[in-house]
Amino acid sequence: MDKQSTPFITMPELRVAFEAQGYISDIELLTTVYLALKLEKPLLVEGAPGVGKTEIAKVLSKVFNTELIRLQCYEGLDENKALYEWNYQRQLIKIQMSRDSACQNLSENDIFSPEYLLERPLLKAIRAEKRPVLLIDEIDKTDEEFEAFLFEILSDFQISIPELGTVKASHIPIVVLTSNHDRELSEGLRRRCIYLYIDYPPIEKEINIIRAKIPEATEKLAQQIATAVNHLRTNLMLAKQPSIAETLDWTRSLIAMHADHLDSTLIQQTMGLLFKNRDDLMAFQKDLGAEGLCKAVRQATTTMDCHSDKSCGG
Amino acid sequence: MHSLADNLVGFVQILRQLGVRVSIAETIDAVDSLTVIEQFDRDVFRAALKSTLIKNSEDQAAFDQAFNLFFVPPEAKQQQREDWDSKQQSELEQSQQAQEELVFQGRPLELPDELMDVYKRLPEQEKKRLQDFLGKTSTGHNVKESFQPVVENLLKSSLSFWQRQLSPEDLAQLAAARRQLLGHHELDHVVGSAAGLGGTGRNSLLYKNMQDIAEHEIPQVTALIKRLAHRLTTRISRRFRLTGRRKLIDIRQSIRRNTRYGGTMIALKYKTKKIHKPNIVLLCDVSASMTKYVRFTLPLLFGLSSVVKNIETFIFATDLEKVTAYFKRSDDFAQVITSLVADSAQMGQGTNLSIALTSLKADYKQLLSPSTLLFIISDANTLAPVETAGELSAISKKVKRILWLNTQPKERWGQHSAITLFSQYCAMFECYSLAHLTKILSLNLTRQP
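Chains as they are written, first to last, in full-length UniProt numbering: chain F, 1 to 314; chain P, 1 to 449.
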């Protein structure tokens, strides 16, 4: 393996690069990503949905200005879909054409050649000319056999295609695996990875995320939104807690409604952006409600200006 | 221990002692990570060790506790050692006192360490009551030396009763206190202190003991169970089956089919993945001893039944009762459970699993097939354990697997010979929290046949 393929980046540079991409990170996240890059090991990122796991891979591809190759995992995913497939239809057509034409001396090598090879994400990552970012998203959705197959490839970074021979990676891809902890991953996979757990952010960090991603959001609105979402996560028993992605969607829609602060009417009108199932919506209405949330935000953000009787910042 | 490498090795040993699995490869990664980090800031150092040594979220709290206790200035370390020594001294004195108090005719009683620990934690009046009993028995008429085993058994029964009153958290603390130490003074105080600090607290409901689940948390519990159970319904097998729809070309079948056309591929055959749907039979113990777990078991029955289609649900105590129909009627958990509790004759009765299994075998033998997963949710406190083991043995040959979710903490299993007996015929798991259930479902139920 070509150790020189490691992109040279220092920790401060990585911090600046992440900030430039609008990804607000802490020292633990930066150190972990930095170590994965330096030690050339896959980075396994776990955490609740919507906390920014996949985003790390996207940011890395932008930071290194390289291709992001994504393998979206799902139940039943197999080697054919992840690695390579022969284009059987084309091969059959070729065989048929050779029969019909005068030239009938078609050899096996003619139809098992690279032009009939359908490259899937893993092979694509290995054959890439520039060190790519390989995102193996939601690895916990696959079954154990596929996981075992995968970590062998991730160790050796080479693939054996019986008809063509061994394809060895010229550059070890930057590998990011994500998991929502749907299934327990094997010890073998975990051992091969550098591990990062991303939890829901504290209020201050979420304010920074909102401000970085949506600069139009005022400081006050960002603070109220972050406080409200944090209150929902910590005080309501929800099946699906609002993620950062949902916080951002909520902020964007509030801005689209020309809001500069939260009030109960706005919350009532937009709560569909925060709650994605009926039970959670019912639980919110029953246990807290828009007024209750507004009151909670008001208590938590006492320094804010009061704009109206219903204003959460009042 | 002075060098960084020594400290790192010591730290890894502490983590292992706290139940975190750290391999040699991971230790080497940790050392490597320290050679590549540029600034030697404490937070960076912590993050480097955490990302290389800790590979799942559950172990993060143990890491933080151990790190905060181990990587401290020498003065703080000295203070910790002194506190630890004094705690150890106090434990030793308590043990000696317990040994002196639990005597029969001047001879110390032979009691297991875990029961001695229970004795040390008893209220004073209860200790006094036991001491009075021993005193009176020792001086009774015609009481001979040979009576000692009888007295010991009585004491064991009494202390076992008190042990059963302890919550799993208290039991876990007792187990932590008995944790085997490394024999290295500098490391042991960290192991001892970190072990006493308790769990993660990340998702309280997930780690909460089922018997402590509150009424208002039941919908959340049910939703979580439904989500876990969902994977059972749609498990996609790695095996293929033929399909009429355009999926993957089945080369073998296509060639066979087209030999009649001289090898010209006129009719292509396609294949797709099989969807594996296990038959599930659920047996839930609703006897008196299981009453405290009802807040978990009933949502479990409801959750699994509403998600998994081919499931048959039974409750049992003195006999078996089929309750599948209750869960097909309505989406309302409260309504289902109210009618179930009102109609059932099994709720709160004594347990005889042997009779329940005999009924299952005789009346519902069509349910026991090689594709059946049989779940038993019970604390394994049953009459006729030998007969029960016999029935389990017979049924285990008919079904794919028997999975026993035992609500008793594993620390207590050793005291029930029946559990060892039953474990021969089924896979038995400690299951008194949703975290346990998640792990069991994740590791065992979603496996391919």
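Everything labelled a hint here was simulated from the structure, so no lab data went into it. Even for Gly, the Cβ is constructed at its ideal location relative to N, Cα and C. One thing to keep in mind: the hints can contain errors.
To spell it out: a stretch of chain P is covered by chain F in this simulated footprint if at least three of its residues, at any positions, have a beta carbon under 8 Å from a beta carbon of chain F; those stretches are [claimed, not checked]: (1) 127-138; (2) 210-221; (3) 345-352; (4) 368-381.
Straight-line Cα separation of at most 25 Å, SDA-like style, residue types lysine to any residue; simulated pairs [as the list claims (entries may be wrong)]: (5) P:K439 / P:K144; (6) P:K226 / F:K38; (7) F:K141 / P:D332; (8) P:K127 / P:R81; (9) P:K439 / F:E291; (10) F:K81 / F:L92; (11) F:K81 / P:K397; (12) P:K208 / F:D287; (13) P:K439 / F:F149; (14) P:K269 / F:F112; (15) P:K269 / F:K38; (16) P:K439 / F:A148; (17) F:K205 / P:N56; (18) P:K439 / F:M271; (19) F:K62 / P:A223; (20) F:K141 / P:S344; (21) F:K81 / P:N56; (22) P:K397 / P:D332; (23) F:K141 / P:Q165; (24) P:K271 / F:M271; (25) F:K240 / P:K271; (26) P:K144 / P:L122; (27) P:K322 / P:K397; (28) F:K240 / P:D332; (29) P:K269 / F:Q96; (30) F:K38 / P:A25; (31) F:K141 / P:K269; (32) P:K410 / F:E187.
Inset, instruction - Check each numbered hint against the structure and report the violated ones by number, ascending. - result: Hints 1, 3, 4, 5, 6, 7, 8, 9, 11, 15, 18, 19, 20, 21, 22, 23, 24, 25, 26 and 31 are the ones this structure does not satisfy, whereas the remaining hints hold.
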